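Using the sequences provided together with the hints, build the complete structure.
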Amino acid sequence: MMDPAEVEFIAEKQMVEIVPNFNFDRVYLISGEIGPFRAGLPVKVPIWMAINLRQRQKCRILVPDWMDVEKLEQAKEDESASRYFTKMPSEHYMAEAQLILSACGEDVPRADEIRTALKDLWDMRMSKLRSSVDTFIKTGGTHARLDHLTLMEMNSVRPLLPHALDQLHRLSTVRFVFSPLVNSSSCFDMHISILYYCFWC
Amino acid sequence: MPLLRSYTPHYFSIDDIMATQERLPCKFEVDVLRLGEYCRNQAKIIMSNTTALKVAKKSFLDPSSDDEDIKTGTTLELPYWLARALCNRNRSIVSVNIPRIYKEAYREILKAEASVVDLHRLCVYFYEFGSYLSGFNHRDSTEIGNLLVQCFKDRFRLIMDWAQNSSGDTSGSGRGAGSDPTARLDNLERGLLITGRSSWEALEAWLSQGGGRPIGPANMVVNHQKRQLANASVS
Amino acid sequence: MDVDLELEDSDNEETITAQSVLAKLEEAWMNEKFSPEILPHRTEIVDCMLEQIHQMEENLNKLKKSDFRVVIHRMELDRIRYIITSYLRSRLEKIELYTSHILEMESKRPVEERYLSPAEYKFAQEHQSHLENHFETVVLRHMPYNIRTLDKATMSVAPNLFSQVFLRANKTVNGVIVETGVEGAEEEVELDGNSQHIIQYKAIAELVKSGSVQLI
Amino acid sequence: MFGDKAFELIKELERCPDSLPAFNDEGVRQVLEEMRVLFEQNQKDVNVSVSGDANYFAGVQLRHTSLERNKRCLLAYLYNRLQYIRQMRWEFGSILPPEIKFNLCEPEVKWFGNYSKYLANYMKTIGDGYGLDLTQDTKPPKSLYIEVRCLVDYGKLELEDGEIVLLKKNSQHLLPRSECEPLIRQGILQHIVH
Chain A
1 MMDPAEVEFI AEKQMVEIVP NFNFDRVYLI SGEIGPFRAG LPVKVPIWMA INLRQRQKCR
61 ILVPDWMDVE KLEQAKEDES ASRYFTKMPS EHYMAEAQLI LSACGEDVPR ADEIRTALKD
121 LWDMRMSKLR SSVDTFIKTG GTHARLDHLT LMEMNSVRPL LPHALDQLHR LSTVRFVFSP
181 LVNSSSCFDM HISILYYCFW C
Chain B
1 MPLLRSYTPH YFSIDDIMAT QERLPCKFEV DVLRLGEYCR NQAKIIMSNT TALKVAKKSF
61 LDPSSDDEDI KTGTTLELPY WLARALCNRN RSIVSVNIPR IYKEAYREIL KAEASVVDLH
121 RLCVYFYEFG SYLSGFNHRD STEIGNLLVQ CFKDRFRLIM DWAQNSSGDT SGSGRGAGSD
181 PTARLDNLER GLLITGRSSW EALEAWLSQG GGRPIGPANM VVNHQKRQLA NASVS
Chain C
1 MDVDLELEDS DNEETITAQS VLAKLEEAWM NEKFSPEILP HRTEIVDCML EQIHQMEENL
61 NKLKKSDFRV VIHRMELDRI RYIITSYLRS RLEKIELYTS HILEMESKRP VEERYLSPAE
121 YKFAQEHQSH LENHFETVVL RHMPYNIRTL DKATMSVAPN LFSQVFLRAN KTVNGVIVET
181 GVEGAEEEVE LDGNSQHIIQ YKAIAELVKS GSVQLI
Chain D
1 MFGDKAFELI KELERCPDSL PAFNDEGVRQ VLEEMRVLFE QNQKDVNVSV SGDANYFAGV
61 QLRHTSLERN KRCLLAYLYN RLQYIRQMRW EFGSILPPEI KFNLCEPEVK WFGNYSKYLA
121 NYMKTIGDGY GLDLTQDTKP PKSLYIEVRC LVDYGKLELE DGEIVLLKKN SQHLLPRSEC
181 EPLIRQGILQ HIVH
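Protein chains in written order, with full-length UniProt numbering: chain A, 1 to 201; chain B, 1 to 235; chain C, 1 to 216; chain D, 1 to 194.
Don't read these hints as lab results, they were simulated from the structure.
All figures in this text were calculated on a predicted structure; none of them were measured in a lab.
Using N, Cα and C, we set each Cβ at its ideal position, and we do this for glycine too.
With a straight-line cut-off of 20 Å between C-alpha atoms, the simulated SDA-like cross-links for lysine to any residue are:
no., chain 1, residue 1, chain 2, residue 2
1, B, Lys153, A, Ser132
2, A, Lys13, A, Gln55
3, A, Lys119, B, Trp200
4, C, Lys152, D, Glu68
5, A, Lys13, C, Met75
6, A, Lys13, C, Asp78
7, A, Lys13, A, Cys104
8, D, Lys101, D, Pro17
9, D, Lys101, D, Asp18
10, D, Lys44, C, Tyr145
11, D, Lys101, D, Gln186
12, D, Lys44, C, Ile147
Residues on chain C that point at chain B, a partial pick, calculated with CB under 10 Å:
no., residue
13, Leu97
14, Met155
15, Ala158
Sample of chain B residues facing chain C (criterion: CB under 7 Å; computed from the structure):
no., residue
16, Thr8
17, His10
18, Tyr11
Right, dumping it as structure tokens:
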């Protein structure tokens, strides 16, 4: 089980370009080196850092290339043309977009259109996912390949899908692997117990 | 921070104890001596009021009432846990009969219209009890096993749809206002619905507000405060 | 504040960066979060990362509060601390839930190959003995003699290894055997490098432990 | 019938999964009493069986199964209550509200104390003896400081850097997240997001 906030936490590690308004040397984070920062020159930092610097008015965030209305419209078309899930421009496209747009939406031209296009894309993929999940259960599948499904999307069917499959597996094997709980009074047990009764008389 | 494992019965699991309490018709194949009070108590409990229960308790505890026997051929509804232990291949004290909801007539209905059947009304532990029944050496066993799997598959779409309809709007089922169609689910399905719904709601909340939602108090703390409030308003 | 450090690797001693230890911690975290059974402990990673955190905190105390880096570093430490606590909580929850099953499995392993760290092992033992003691005090000692014992085999709560999990293959693995519901039937699955799957844990348990696949 | 009283205990737990009902001393006692009677009857009948009359065997088996069932219900009753009590350690902390503690039986109070103790001991050993509080950092961190409103008159809170904050009902503060998270979880502070 994973909370969407945890998926977002993972997405916050993704790198994004910012334009700082200050100068500073390289910063040695445990997760790697960042910088140096030169005022006016783009530099790559993790999203969590970009958001913090933006909140402190220390930078501008450069929106990733794919967060563009035309490109997203194209992705929508590709998605609807394909039976399978198409590859998304980022494996955290939804979380990344949400993080960046809520941090600096006002700086992004056509932010609302981007939001709408993303939501459409998300909805298309979710409905595709719903019907594949349904088919998967109906056909009694035991394993499925899920290429190009992003972590947040996978998480949307968690725990329902894995749990339903677990129950199906249990229901279809329960007769073969019989629970030890219910056979606790086998004949063998009985004889031993009877000996006990005699012993404690 | 619940692990949220899928339901797997074990010795201490409440649901498994509940499911193994479901009853099925059993016929005694041998005399059981000095258990008469057991039948009489049952009769009294069926009359079901507190005084009958008291009487039942008394006669059970009263050693002088243990002179009655259960005769061969007596038919009684026994809970599964007892029936299972009394019915084994080597030496059967009882023979079991399958409850009617798992018999052919019902199976046909379930096959044809799985998604509209009120499983909760048939048996709250429909799947669990059913799989235990299919473990008996009975001519219907295999059929029951297959039925459970098919029924679960046929009804899964409903559970998924309900889980992802977080607004709680369950109208349009053709039923009167106030009747919740999710009440038709058996216990296993309901468990899936509840976990499915709560994860879906978390996702919807994230989609509308992102992960910057406030840190909240612990669940138990919230429940405790609610109860305190309720108590305060009563007194 | 350059952070190269020595870390004992199982195969050979080599210098590993804090960055790669963090990456290993993140993998262990996800695997532990999603695997139904408890996985071999990675105390060396946790200890190393906590050591890094403490060193960093000491260094930060030397910096002026207004230093641009302080906030950034502290945020990163918070993030790492979250991963560590979440990782250890997942383990602890399994230890508490499957105590007697885990102790039973551990008793079959040589001490140096135990899945629990020494501290976790001690915790598990105490947890088990306090549970048994509680049973004993409240009800068992008042029961008839012949059913007073705790039958470990019947009562042990074990993880469901047939649980379905999501994974990404770190490399191509052929011939993964999945047991299907029907008696004895099996299915063979190919895991291409970088492909994603939903599959029953039992079929890939060893691949998780060897690092060939990553649970997600 | 046999096992009904024990089953009542389980139903009690099943009915209210979101709270802990008072420990049912009387119910537990009655089940143990039923077990005693079943056992004694079985002893009697086994004696007869051993002396050659096999007709009592069925009764013995029936009663013995009931004994096992009673045992299972009693242990499950205790076990599931402990699961709940365990969770309280993580959500309320090591001190329980008196109204809740009131519902525990004495061995349960003792178990809770022991659990707190060996949990604390374990947490102290993490990281080669540095120690790490696993009941903290329960949500992915977003920022170092958060805005909170105080819901009760709590009193003074000393922060790690030595600063002392007075938490009065309805007062608002900007505090380090890591230090006020436990108070938020306990319902003393409310996290405000704009």
